[in-house]
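S.K.: Sequence lines, in order, name chains A and B.
For what it's worth, the working numbering labels the leading residue of the first sequence as 1, then goes sequentially.
For what it's worth, the working numbering labels the leading residue of the second sequence as 1, then goes sequentially.
Any given hint might turn out to be false.
[Said to hold, decoys possible] Mimicking DSSO-like on lysine-lysine, the simulated pairs with C-alpha atoms at most 27 angstroms apart in a straight line are:
1) K176/A with K72/A
2) K72/A with K337/B
3) K137/A with K176/A
4) K176/A with K138/A
5) K337/B with K248/A
FYI, nobody ran anything at the bench for these hints, they're computed from the structure.
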Amino acid sequence: MTAASVYRIQDLRFAYARTPVLNDISTSILVGDFVALVGPNGAGKSTFLKILAGLNRRYTGTVEFDGVSLAKVTAHDLARRVAFVPQETHVVFPFSVNQMVLMGRAPHQPASLFDSGIDIERAEYAMRLTDTLDLSKKPFTALSGGERQRVVLASALAQDPEVLLLDEPTVYLDLKHQIHFYDIVERLNLDHRMTIVSVTHDVNLAARYARRMIAMRAGRFVADGVPESVLTPEHLYEIFEVSVSVFKRTDGRGSYIIPV
Amino acid sequence: MAEAATLSRSEGAGGLSVRRFLTVVGSCVLVLAAVLLIAPLIGDQGLSLRGILSSGSTERDILVLVRLPRILFGALVGGALAVAGVLFQALLRNSLATPFTLGISSGSSLGAVIAIWLGLDVAFLGLPVILFAFAGALLTVVLVFFIARSSGGLPTFTLLLAGVTLNFIFGALVLFFHYSSNFAQSYMMTTWMMGSLNVVGYTPWVVAVPMVLLAFAIVMVMSSKLNLLAAGEDWASTRGVNVHRLKMSSYFIGSILTGAVTAFSGPIGFVGLVVPHTLRMIAGPDHRILVPGSFFLGAAFLVLCDTAARTLLSPTELPVGVITALLGGPFFIALLKRKPGELW
């Protein structure tokens, strides 16, 4: 009980057109943790994450961010500390990569027309971390899916966030880019103590990186703990309705599953 | 040396530097200045320097009482429509949006047509028509807003549907009044709906200038947030923008800009579409440049088109909307034919 919570959630409920999406969720997210939310489609994972990101404010129950009710935190104040990476980012206008990344500086900028030296420095730093510096002059609209997602991550990192919320960020990426993406995120978590909450379908990828795994089904948490404790054949059958075998990884980094 | 290094650094990271801002916006100002200098000298009646300078001469009267009011008014209308176009394109995240997409032109046309139908035009296309046109525009703005508004905010798609639907309804009403009017009224209605910058004196300019300049100043302050909105609503919200407030301001400021100038000039198309596009093609989609650049370039473009409109078939006059469309249309086709992913 020594670690402080970033989020404290009590009796959280949300319904979409009277259909319940989240049922009575209570939990805490601790500073510096790496949490993976897994579960089938429609389990409420993304809804839960969007509430944490301040994108959905029509829930009932209590969500506290750093001890303050999230309902009282403005988008501006939240954006200075929390960044969000969605599944996909479609942009109509051909903003260049560096413009997209610099937009992450918006919550730190005063009402000035120009980007300051600090903004440019932080943007470059984020681009170096995500290996996107070479793309900086290209239009975002012309990038591949993997490049786009790294640029969106760079823009999120330019916010200098304490918390990074990821909504199935690697769902459209190939295997190499999935690993690359999560390697960057892991480094941020370990080196900068950034709190990570990531929604994913990919149980094995989640088990490889996360320290805490929450399994959701029908708007509830059905299992919550270190990945090894969540990844049991019984839990997985309850969550996905699929029989799986669970294996220990030879490198000691948790378990992986294979459908039977 | 250190300064040079900083400059190249800021170029590399692509931040908006003062130098870049001044280069692009300054060029647009220069284009406008050149157009404003040349346009008054072009026309039916040739003007000589000596004629202009001697007080009481016909040439001086033509310049000061006829051409300058029209040119200054055209600049104001062009600038306002171009900025309104930028606002609606960012709001609807659609580069094909125009100031008239959400129904304002039909609304003001309906107002003007009703005023003419009621016989309120004591002077040809005088004050009652302007007031009715403005009222029609305001009515549209409010109606579209209340139809589109939902508990969750102002959804872009609903906004577009509401605007397009009202466009149809008001368009039908305009046809109805047009149909049930006499020949003289019908001619006036048609003339009004073609759009014209043929104003008398400086009054329209003096009335519209404060409104347009105030709106322009507010949009300049909003410009960096417009970048975030144009990239996406969640994108903007998770980067600290109060999206609902920004959408409301964009909608109302864009609408009032459009309604205010349209009440005087009638609907003039293509300016709000072509000018922002051209600038985006040259200088990229950064609204901190796009907003002021479009304002000055829009002013220059419309004055240029109007100069062509009043001189090409002189002594007859072409509707300025014909010229903007004839210049804008081919451009639009080129836009549709562009390769995907090209940096426009």
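S.K.: Tell me, which hint numbers fail for this structure?
M.R.: Hints 1, 2 and 5 not satisfied by this model.
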